Amino acid sequence: MMRRVGIAIVGLMVIAAVVGPWIAPDDPFTQHLSQRLGGMSWRHPLGLDELGRDEMARLFAGARLSLLVGVVVVGLSASIGTIVGAVAGYFGGWPDEVIGRLMDVLLAFPGILLAIALVAMLGPSLSNVIWALVVIGWVGYARLVRGQALRVRELDYVQAARALGASSARIILRHVIPATLPAVIVQGTLGMAGVIIAEASLSFLGLGVQPPAPSWGTMIDAGRSHLFDAPHLTIVPGLAIALVVIGLNFAGDELRDRIDPRKAS
Amino acid sequence: MRERMLTYIARRLALTVPVLFGVVTLVFALIHLVPGDPAQAMLGESAPPADLVELRARLGLDQPLGVQYERYLVGVLHGDLGTSFRYGTPVSREIAARVGRTAELAVVAMVFAVLFAVPLGVIGALYQGKWVDEVATGVSLAGIAMPNFWLGPVLAIVFAVQLGWLPVSGTGSWRHFVLPAVTLGAALAAMTARITRASVIEELRELYVLAARARGLSASRAVVRHALRNSLIPVVTVLGLQLGSVLTGTIITETIFSWPGVGRLLIQAINFRDYPLVQGCILLIATTYVLMNLAVDVVYAWLDPRIRYS
Numbered sequence: 024m025m026r027r028v029g030i031a032i033v034g035l036m037v038i039a040a041v042v043g044p045w046i047a048p049d050d051p052f053t054q055h056l057s058q059r060l061g062g063m064s065w066r067h068p069l070g071l072d073e074l075g076r077d078e079m080a081r082l083f084a085g086a087r088l089s090l091l092v093g094v095v096v097v098g099l100s101a102s103i104g105t106i107v108g109a110v111a112g113y114f115g116g117w118p119d120e121v122i123g124r125l126m127d128v129l130l131a132f133p134g135i136l137l138a139i140a141l142v143a144m145l146g147p148s149l150s151n152v153i154w155a156l157v158v159i160g161w162v163g164y165a166r167l168v169r170g171q172a173l174r175v176r177e178l179d180y181v182q183a184a185r186a187l188g189a190s191s192a193r194i195i196l197r198h199v200i201p202a203t204l205p206a207v208i209v210q211g212t213l214g215m216a217g218v219i220i221a222e223a224s225l226s227f228l229g230l231g232v233q234p235p236a237p238s239w240g241t242m243i244d245a246g247r248s249h250l251f252d253a254p255h256l257t258i259v260p261g262l263a264i265a266l267v268v269i270g271l272n273f274a275g276d277e278l279r280d281r282i283d284p285r286k287a288s
Numbered sequence: 004m005r006e007r008m009l010t011y012i013a014r015r016l017a018l019t020v021p022v023l024f025g026v027v028t029l030v031f032a033l034i035h036l037v038p039g040d041p042a043q044a045m046l047g048e049s050a051p052p053a054d055l056v057e058l059r060a061r062l063g064l065d066q067p068l069g070v071q072y073e074r075y076l077v078g079v080l081h082g083d084l085g086t087s088f089r090y091g092t093p094v095s096r097e098i099a100a101r102v103g104r105t106a107e108l109a110v111v112a113m114v115f116a117v118l119f120a121v122p123l124g125v126i127g128a129l130y131q132g133k134w135v136d137e138v139a140t141g142v143s144l145a146g147i148a149m150p151n152f153w154l155g156p157v158l159a160i161v162f163a164v165q166l167g168w169l170p171v172s173g174t175g176s177w178r179h180f181v182l183p184a185v186t187l188g189a190a191l192a193a194m195t196a197r198i199t200r201a202s203v204i205e206e207l208r209e210l211y212v213l214a215a216r217a218r219g220l221s222a223s224r225a226v227v228r229h230a231l232r233n234s235l236i237p238v239v240t241v242l243g244l245q246l247g248s249v250l251t252g253t254i255i256t257e258t259i260f261s262w263p264g265v266g267r268l269l270i271q272a273i274n275f276r277d278y279p280l281v282q283g284c285i286l287l288i289a290t291t292y293v294l295m296n297l298a299v300d301v302v303y304a305w306l307d308p309r310i311r312y313s
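Quick mapping for you: the protein sequence lines, in order, are chains A and B.
So for the first sequence, the working numbering puts the first residue at 24; every next one is plus one.
So for the second sequence, the working numbering puts the first residue at 4; every next one is plus one.
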């Protein structure tokens, strides 16, 4: 039941991101300074922010941005991590050693610390946030795929392909990577929640998307100055993040059980 | 046995040294990621050329890369992390003045997490499937899903703004700890509660607990006197694994509540483009994380002999 609710939440987020401009027809950037911090109304169901911009339109635009960052970061991280992990696991030896040490160093930075460091140096922008999150994100996929590749390379059909003269590149692309994809897809779904929180965290700290672009993190940060007079500016985008994180976790669990029923909880 | 333990510690230390070396190298490389000239970025576009030359020399950026790296390594080994551009004082001094505050906050948050989570998890296990369990599970799920940069302001709205019970920022008394520690510890508490619940449920099925129940012990006494101790091993594991999120959580929590620790110093340094100070803070947090992981592994080996024999 809860999992269906989770999938529904993720579906709603996607719908809100795609058709948001039609549901909340106001432009998320247009300011109505005379109505700043205006309350909820039929015209503005979630009220207006500190610059008189429609909060609902900004919430939907924020959903679009979160979804974009989530998909791009997970897509790039999973692609890089899968290739690197498959190479390390399949070949073993020095490539595995070099990649293993690199992963050890990257994993020595807790959470999003390295992303904060990278954005601090490169400068705050959406593209730098994406790259920073990819730099810390690919390692998890590489570890997962490396472990799977170590197992798959010993399987009979891979040994048979090798005996028939297939090149290493062909074996990795045609046999090893496809065998690891289900696990990567599940990790990607669960990992997207982490990416969305990381992007919002960086934006909250002023290191991510820059105003006036609407990110849920910047919206919470801006709302902090109006805790007394307009607490909904903080509460609403935070609820959106919490709901999407719960939804993605449930959706990931459901996907895992469908892909690998042995692990069904 | 003692020899095995020492061998394990030596092996684990040997694995840590290259990682620390890699961390220092990566932190050194950070300043070279700054687009263009770091000195120009720090001083601004309109800075006089003489000032730029002086700052480049002060940061060592006028030297060949190899020399810069060697100087940085030697400096780090001697506790010299450079000079803060903003304060004009040694980076290590600025960090030392604040690290205690961060440690206090992290420890209080972890204590809060354990004190809140273990009873919540035990209650969930004892009343498995009942409404009490549903509520406990809901609370822990909410704790995991709520980002701390949202929970902090919401707690401030309720307990500082509406009720006026607690201060919204600053330090000085136990009341100042409450909101930052709850904000920092909430996700950890939620995760710990879930693990405790699962672990206690597992343990309650063990024969020794069933035997205790057969002797007439109530479920709650069986948990407290028998199952809980064994259930706590996975809890310790989770606490160890979550050290990283507590450390990075301090960055956001300190920023929200103006807590004068290393996390807030890092964000202030970033905003001021004080790159040596940024490097120092990053190095401290990453090194602390690596060393704490080492300590946690050694404690595991001490608690569970199977680890040091593997």
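It is worth saying that the hints were derived from the structure and are not from the lab.
Since we're looking at a predicted model, the values are computed, not measured.
Careful, some of the hints might be misleading.
[As the list claims (entries may be wrong)] Label pairs and their computed distance ranges (CB to CB): (1) B:W305 <-> A:L178: 32 to 42 Å; (2) A:G115 <-> B:G219: 52 to 62 Å; (3) B:D83 <-> A:G123: 48 to 58 Å; (4) B:W305 <-> A:P68: 51 to 61 Å; (5) A:G123 <-> B:E6: 47 to 57 Å; (6) B:R216 <-> A:P68: 47 to 57 Å; (7) B:G78 <-> A:R174: 38 to 48 Å; (8) B:A50 <-> A:R174: 37 to 47 Å; (9) A:S148 <-> B:S172: 22 to 32 Å.
[As the list claims (entries may be wrong)] SDA-like mimics (lysine to any residue), calculated; alpha carbons at most 25 Å apart, straight line: (10) B:K133 <-> A:E277; (11) B:K133 <-> A:H55; (12) B:K133 <-> A:M25; (13) B:K133 <-> A:V28.
[Said to hold, decoys possible] Not everything, but these chain B residues come out facing chain A in the computed CB check (under 7 Å): (14) V79; (15) L166; (16) L169.
Think of the CB as a built atom: it goes at the ideal place given N, C-alpha and C, for glycine as much as any other residue.
Against the structure, the hints:
The hinted window of 32 to 42 Å between B:W305 and A:L178 holds, with their beta carbons roughly 39 Å apart. A C-beta distance of roughly 58 Å is found between A:G115 and B:G219, which places it inside the suggested range of 52 to 62 Å. The given range of 48 to 58 Å is broken by B:D83 and A:G123, whose C-beta atoms sit roughly 31 Å from each other. Range check, B:W305 to A:P68: about 58 Å between beta-carbon atoms, so the 51 to 61 Å window is met.
The hint said 47 to 57 Å for the Cβ distance between A:G123 and B:E6, and at roughly 28 Å that hint is violated. Hint check: B:R216 to A:P68, Cβ distance near 55 Å, so the stated range 47 to 57 Å holds. Separation of B:G78 from A:R174 is about 45 Å and conforms to the stated range, judged on CB atoms against 38 to 48 Å. The hinted window of 37 to 47 Å between B:A50 and A:R174 is violated, with their beta carbons roughly 57 Å apart.
For A:S148 paired with B:S172, a C-beta distance near 30 Å keeps the hint of 22 to 32 Å intact. Straight-line distance between C-alpha atoms of B:K133 and A:E277 comes to about 24 Å, which keeps the hinted pair within the 25 Å bound. At most 25 Å may separate the alpha-carbon atoms for a hinted pair to count; B:K133 and A:H55 exceed this at roughly 51 Å. Between the alpha carbons of B:K133 and A:M25 the distance comes to roughly 16 Å, so the proposed pair stays at or under 25 Å and holds.
As the CA atoms of B:K133 and A:V28 are separated by approximately 21 Å, the hinted pair is consistent with the 25 Å bound. Interface hint at B:V79: violated, since its Cβ lies 15 Å from the closest Cβ of chain A, which is beyond the 7 Å cut-off. Below 7 Å, beta-carbon pairs count as interface contacts, and B:L166 has none with chain A, the closest being about 13 Å; its hint is therefore violated. Hint status for B:L169 relative to chain A: violated, with the closest Cβ pair at about 14 Å, above 7 Å.
In summary, the numbered hints that this structure violates are 3, 5, 8, 11, 14, 15, 16.
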